[in-house]
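Below are the chains, spelled out letter by letter.
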Amino acid sequence: MKKLIKLTVNGIQREIEVEPRQTLLEVLREDLGLTGAKKGCNQGECGACTVLLDGQAVSSCLVLAVRAHGKTVLTAEGLATDGQLHALQQAFIAHGAVQCGFCTSGMLLSAKALLDRNPHLTTREIEESIDGNICRCTGYVKIIEAISAVAQNKNS
Amino acid sequence: MSQYNVVGKGLPRVDGPEKVTGKAVFTVDVSLPGMLHGKFLRSPHPHAKILNIDTRAAEQLPGVRAVLTGREIADVRYAFVDTPRYPADEQPLAVDKVRYIGDEVAVVAAESEAIAEEALSLIKVEYEILPAVFTPEEAMQPDAPLLHENKFTGTSAWEDWGATQRVNTYETETTHRNLSGRTFITFGDVEQGLQEADYVREDCFQTAATAHCAMEPHAAVASYDPIEGKLHLWLSTMGIFLKRYNLSRALKLPISRVRVHHSYAGGAFGGKIDVFPYEFCAAYLSMKLGLPVKIELDREEVFTTTRQRHPIKIHLKTGVKKDGTIVAQDVKVIADNGGYRGSGSIVIFLCHGFSFPIYKVPHYRYEGLSVYTNNPVRGPQRGHGAPQIRFAIDSQLDLISRELGLDPVEVMLKNVRQKGDVLPNGDMLNSCGLRESIQEAAAGINWPEKRRQFSPAPAQERFRRGVGISLCAMFSGAMYYPFASAAIVKLHDDGSATLYTGAQEMGQGCYTTMAQVLAEELGIELADVHVVAGDTELTPIDIGSFLSGGALVTGNAVKLAAADARRQLLECAAELLGASVEQLQVREKKIYLKQAPERFVTYTQAIQASVFKRNGNPIIGTGSYKGYPETNRYPSLAKGKGLFTSAYGFAAQTAEVEVDTVTGQVKLLKAVTFHDCGFPLNKTIVEGQVQGCVSMGMGQALSEEIILEKGQLFNPSFLTYRLPLATDTPETIDGLVSTLEPNGPFGAKEVGEGSVAGMTAAIACAVHDATGVRVDNLPITPEKVLRALTAREKALS
Chain A
1 MKKLIKLTVN GIQREIEVEP RQTLLEVLRE DLGLTGAKKG CNQGECGACT VLLDGQAVSS
61 CLVLAVRAHG KTVLTAEGLA TDGQLHALQQ AFIAHGAVQC GFCTSGMLLS AKALLDRNPH
121 LTTREIEESI DGNICRCTGY VKIIEAISAV AQNKNS
Chain B
1 MSQYNVVGKG LPRVDGPEKV TGKAVFTVDV SLPGMLHGKF LRSPHPHAKI LNIDTRAAEQ
61 LPGVRAVLTG REIADVRYAF VDTPRYPADE QPLAVDKVRY IGDEVAVVAA ESEAIAEEAL
121 SLIKVEYEIL PAVFTPEEAM QPDAPLLHEN KFTGTSAWED WGATQRVNTY ETETTHRNLS
181 GRTFITFGDV EQGLQEADYV REDCFQTAAT AHCAMEPHAA VASYDPIEGK LHLWLSTMGI
241 FLKRYNLSRA LKLPISRVRV HHSYAGGAFG GKIDVFPYEF CAAYLSMKLG LPVKIELDRE
301 EVFTTTRQRH PIKIHLKTGV KKDGTIVAQD VKVIADNGGY RGSGSIVIFL CHGFSFPIYK
361 VPHYRYEGLS VYTNNPVRGP QRGHGAPQIR FAIDSQLDLI SRELGLDPVE VMLKNVRQKG
421 DVLPNGDMLN SCGLRESIQE AAAGINWPEK RRQFSPAPAQ ERFRRGVGIS LCAMFSGAMY
481 YPFASAAIVK LHDDGSATLY TGAQEMGQGC YTTMAQVLAE ELGIELADVH VVAGDTELTP
541 IDIGSFLSGG ALVTGNAVKL AAADARRQLL ECAAELLGAS VEQLQVREKK IYLKQAPERF
601 VTYTQAIQAS VFKRNGNPII GTGSYKGYPE TNRYPSLAKG KGLFTSAYGF AAQTAEVEVD
661 TVTGQVKLLK AVTFHDCGFP LNKTIVEGQV QGCVSMGMGQ ALSEEIILEK GQLFNPSFLT
721 YRLPLATDTP ETIDGLVSTL EPNGPFGAKE VGEGSVAGMT AAIACAVHDA TGVRVDNLPI
781 TPEKVLRALT AREKALS
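If you're matching them up, the sequences are chains A and B in order. Position 89 of the first sequence, counted from 1, bears residue number 89 in our numbering, the numbering being contiguous throughout. Position 747 of the second sequence, counted from 1, bears residue number 747 in our numbering, the numbering being contiguous throughout.
Calculated from the structure, these hints are not laboratory results. All values reported here derive from a predicted model rather than from experimental measurement. Among these hints, one or two may not hold up.
[As the list claims (entries may be wrong)] Some, not all, of what chain A presents toward chain B, calculated at C-beta under 8 Å: (1) L32; (2) G36; (3) Q43; (4) E45; (5) A80; (6) F92; (7) Q99; (8) C100; (9) F102; (10) I134; (11) R136; (12) C137; (13) V141; (14) K142; (15) I144.
C-beta: ideal position from N, C-alpha, C; glycine also.
Please build the complete structure, drawing on both the sequences and the hints.
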C-alpha cells in the first residue's frame with residue numbers, strides 16, 4: 001500500500017507516493033532522478049548516499065522514505081545556487097579532491113553539515129566528520145585539504 | 001617544466017564540475033524505459049555437482065520475465081586469459097559443477113529487483129557435495145579433488161589476428177594437480193651464485209587476499225535492439241575495447257554489433273577488467289527478451305563474487321656478498337587463484353615482471369605456480385603481483401642488511417639498476433630514477449635519525465617508533481588487446497578542439513591529462529579542449545586503463561594526433577603568409593612569422609583557409625601508438641620471454657610507524673613516496689594517484705584481509721573488511737622524480753599502480769625497526785605483533 005509523502009527536496013516541494021519499504025535513497029534516485037546520492041553498500045557503511053535531512057547528514061539508504069515526510073532534503077544537485085558552485089564544490093575541484101567521483105556527493109554533504117554547525121575546525125574534526133564516508137581513490141589527503149581550505153576561508 | 005604552458009601544471013580536472021554537482025552518470029545511474037532487473041542465484045557450496053535445477057515455480061511468479069540456467073548456454077566460455085596454453089575456463093552460469101561459494105547457478109530477469117529476488121527463493125537446486133580444497137598445498141596433492149576435469153582449447157586475440165602461437169601443455173602437469181599456470185625463468189646459474197655468496201638467507205613470506213573496494217558496485221546495463229541487430233552496453237569498466245572484444249566473442253556477435261556507451265566508472269583498481277557473468281547475462285537476457293536488462297551487484301556480491309587480490313606464498317633464497325651486493329636469488333611463488341584461473345597465470349608472471357627491473361641479480365631462478373582452489377576467484381588488483389613480491393624481497397633485504405650490520409638504504413643503492421640498463425628479456429631502461437628516489441625517500445623520513453637499527457640501546461618504552469624502506473616498479477602498458485591506442489583531434493572554427501579517445505575515466509584523470517597533452521601540443525588552453533571518450537562507436541581504439549598504459553600509450557597517440565592537426569594548421573598558415581612552415585611559430589591560437597611577429601594569422605583564419613582551399617578539409621588530426629612499438633608479440637607468461645613494456649615507472653617508499661607494544665597496534669605516522677613517473681602531465685593528478693596508492697598499501701599492510709573459512713567469506717562488508725578511513729590518514733609526502741622517459745609523451749610514464757607496492761615492506765620493516773620483531777605474513781595485525789613480541793620475550797628469557 002503506497003503512502004503519500006510531502007517533502008522539500010533541494011528547495012522544491014514534492015508530493016510522492018512511496019512504498020512503505022522504500023528508502024529515501026531509492027526515492028531520490030528512482031522516483032526523482034536525483035542520482036547524485038549513490039548506493040555504494042545499501043547498508044549504511046560507505047557514506048556514498050549521504051544527504052542532509054533537515055540539515056543533518058544521514059545515510060539515505062537507512063532512512064525509510066516515509067520518515068522524510070514533512071522534512072527538507074538537500075542532495076549534491078542542490079548545493080550549487082544561482083549557477084554558482086558551493087565553496088566546498090569549488091574547493092574539491094581546485095584541490096584535486098575528486099577522482100572517480102562516486103563518494104564525492106556524500107563527502108560534500110558530510111562536510112557541509114559539519115561546517116554549517118561548526119566553522120572552526122581542526123584537521124582531526126574534519127577527519128572525524130568524514131570518517132563515515134569511504135573514499136578508495138584519494139587516500140583522503142586532498143579531501144581533507146579541500147575542507148580545511150573552506151573552513152579557513154570561513155574563519156578569515 | 002617551465003617550457004610548457006599546459007602540461008606539468010596541477011590544473012583542475014575537466015570532469016570535476018560534473019562530479020561535484022552529482023550529474024556525472026555512472027553505470028549504476030543508467031536507467032532505460034522498460035528496463036528489467038537481473039539477480040543471480042549462487043552456489044552455497046564450495047564444490048558440488050549440480051544434479052538438477054527446477055525453475056518452474058520461479059518462472060510462474062508474476063513479474064518474472066526469464067529464468068536462465070547454464071544448460072541453455074553450456075557452450076559459452078570466456079576468461080581474462082584465453083590462450084592456447086591457458087584456455088578460457090569460465091562460464092556465465094555453472095553447467096554441471098560449482099567451484100566456489102558464490103558461483104553463479106541461475107539468473108532471473110524480472111520487472112523489479114524485489115521480484116527477481118523473490119523468484120530466486122523459488123528455484124530448487126539439487127547438489128551433490130564434492131570434497132573441496134582451500135589451500136594450494138592441499139590442491140596440489142596427488143589425490144586432491146580435481147576442480148577442472150575438462151581440457152579445452154583456447155585462442156587468444158593473437159590467433160584471431162593471424163599470429164599463431166605454438167601450443168604448449170603444462171610442463172608440470174603430471175607432478176601437480178589443479179595447476180592453472182606455471183612460470184619458470186632463469187638467468188645465470190643460481191646454484192653457482194649461491195655458492196659464491198658470503199651470506200645466504202632463506203625466508204618464507206605470505207600475503208593476504210584483499211578486496212578492491214571500488215565504491216561503485218559492479219553493474220551492467222544491456223539493451224539489444226532486435227531490429228537494428230545491435231547490442232548497446234553500459235559497463236563499469238577499465239577498458240571498453242577489451243570488453244567489447246571479449247563480450248562479442250562470448251555472445252557470438254560481430255564486433256561491430258556491440259557498442260559500449262560512455263559512463264563513468266566509480267573506481268576499479270584492477271577489479272573491473274575481467275569479463276563477468278553479470279555482463280554476459282545482462283546482454284544475453286536482453287537479446288533474448290528484446291528489452292533492456294540491468295544487473296547491479298550488491299556489496300556482498302562484489303566482495304565475494306567479483307575478484308580479489310591473490311594471496312601468495314613466496315619462498316625466497318638470496319645470496320649476497322659481505323657488502324650487501326646481491327649475487328643470487330631463488331624465488332618460488334605459489335598463488336591461490338580460487339575456483340577459476342582469473343589472472344592466476346598472469347600474476348605469477350608479473351611477480352617476476354615487477355621484481356627483476358629493480359635489482360641487478362646475476363644469478364636468478366624464478367618459479368611461479370598458480371593453483372585452483374575452492375576459494376573465491378582472484379584477478380588483477382592495483383600493482384597486480386607487485387605488492388606481494390615487493391613485500392617479500394624488500395622484507396628479506398632488510399633482514400639481510402640487519403644481519404650484516406649494513407644500512408638497507410646503502411644496500412639498495414648498491415644493487416639498483418640504472419638508466420641504460422638492458423633487462424634480461426631485452427627491455428631497455430631508458431629512464432630510471434631509482435637512485436634519486438631512494439635518496440629522496442630516505443631524506444624525507446629523516447632516515448639516519450629515525451632508524452633505530454643504528455641506536456646503541458634497544459627501545460624499552462611502550463610506544464616505539466621505527467622506519468623502513470621499499471622499492472617498486474611497474475609497466476607503462478604492454479601488448480594486450482587491442483595492442484594500441486589511437487586518437488582523433490577535431491578543430492573548431494574558433495580554434496578550440498575536441499579530443500576523441502577510447503580511454504575510460506575511472507578516477508585516474510585521463511580525460512584531463514589527455515586534454516592537457518592535446519592542448520600543449522596544439523598550443524591552446526585546457527579550457528579549449530572538449531573530450532569525447534569511453535564509447536566504442538564514437539572513438540578510436542584504446543589500449544585500456546590497465547597495466548598502467550594510459551599516460552604513455554594513449555598519451556603518445558593523443559600527442560601525435562594533435563601534432564597532425566598542428567601540422568595542417570601551420571601548412572595553411574604558411575600558405576596564407578607566403579612563408580615556409582619552418583619560419584612560423586605559434587602562440588595563443590595565432591601563427592606568427594618568427595622574424596616579423598606583426599604578421600600573423602589566427603587559428604580561425606587558418607581553419608577557414610583549409611576549408612576553402614583544401615576541398616572542405618576542416619582539419620582533423622589523427623594519431624596512433626602501439627603498446628610496445630618494437631614488438632608484435634605478447635610476452636610468454638610461462639617463460640618470461642619477449643618484451644614486456646617500453647618504460648618502467650619506479651618508486652621508493654619509506655614509512656615511519658609507532659607500535660603500541662601493549663596492544664600490538666601499529667600506526668603509520670608518516671609515508672614518504674618518491675615516484676619516478678618520468679614527467680607529471682598533471683601534478684595534482686599524479687599526487688592523487690600516489691596518495692591513493694599509499695592509502696591502499698597502508699590498508700593492505702595493516703588491516704585489510706579477506707577472511708575465509710572453508711571457502712565462506714566472513715567479512716563481505718565495509719564494517720568487517722577494514723580499509724583505511726579518513727582518521728587513519730598518515731602524514732603523506734609525495735614527491736616526484738623527473739627522469740623524462742624518451743618513449744613517453746613529454747617524458748611521462750606510469751604513476752597509477754607502483755606506489756601501492758612498496759608500502760607493505762616499508763611498514764613491515766619499520767615495525768621490525770621499532771620493535772625488533774618481524775611479521776612475515778600480511779596484514780600486520782595487532783594479534784600478530786603481540787604474538788611475535790611475546791615469542792621474542794620468551795626466547796630472550
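* Was the hint right that L32 (chain A) lines chain B, CB cutoff 8 Å? -> Hint violated; L32 (chain A) Cβ to chain B Cβ min 12 Å, cut 8 Å.
* Asked: Would the hint on V141 (chain A) stand, with a C-beta cut-off of 8 Å toward chain B?
  -> Interface hint status for V141 (chain A): holds (5 Å vs cutoff 8 Å).
* Asked: Does F92 (chain A) meet its interface restraint, that is, does its C-beta lie within less than 8 Å of any C-beta in chain B?
  -> holds (5 Å)
* Evaluation of the interface hint that places I144 (chain A) against chain B, nearest CB under 8 Å -> holds (7 Å)
* Asked: Against chain B, is F102 (chain A) within 8 Å by beta-carbon distance?
  -> holds (3 Å)
* With 8 Å as the cut and Cβ atoms as the points, is Q43 (chain A) at the interface with chain B? -> At about 7 Å, which falls below the 8 Å cut-off, the nearest Cβ of chain B leaves the hint on Q43 (chain A) intact, so it holds.
* Does the nearest C-beta of chain B fall within a distance shorter than 8 Å of the C-beta of K142 (chain A)? -> OK, holds: K142 (chain A) within 8 Å of chain B, min 6 Å.
* **chain B contact restraint for G36 (chain A) - C-beta distance below 8 Å** => holds (2 Å)
* Would you settle whether the hint for C100 (chain A) is holds or violated, based on the nearest Cβ-Cβ distance to chain B being less than 8 Å? => The hint holds - C100 (chain A) has a Cβ within 8 Å of chain B, the shortest such distance being about 3 Å.
* To do: Using 8 Å as the Cβ threshold, decide whether C137 (chain A) counts as touching chain B.
  => holds (5 Å)
* **Restraint outcome when Q99 (chain A) is required to lie within 8 Å of chain B by C-beta distance** => holds (4 Å)
* Asked: Does the interface hint hold: is E45 (chain A) within less than 8 Å of chain B, judged Cβ to Cβ?
  -> holds (4 Å)
Checked against the numbered hints given earlier, this structure breaks only hint 1.
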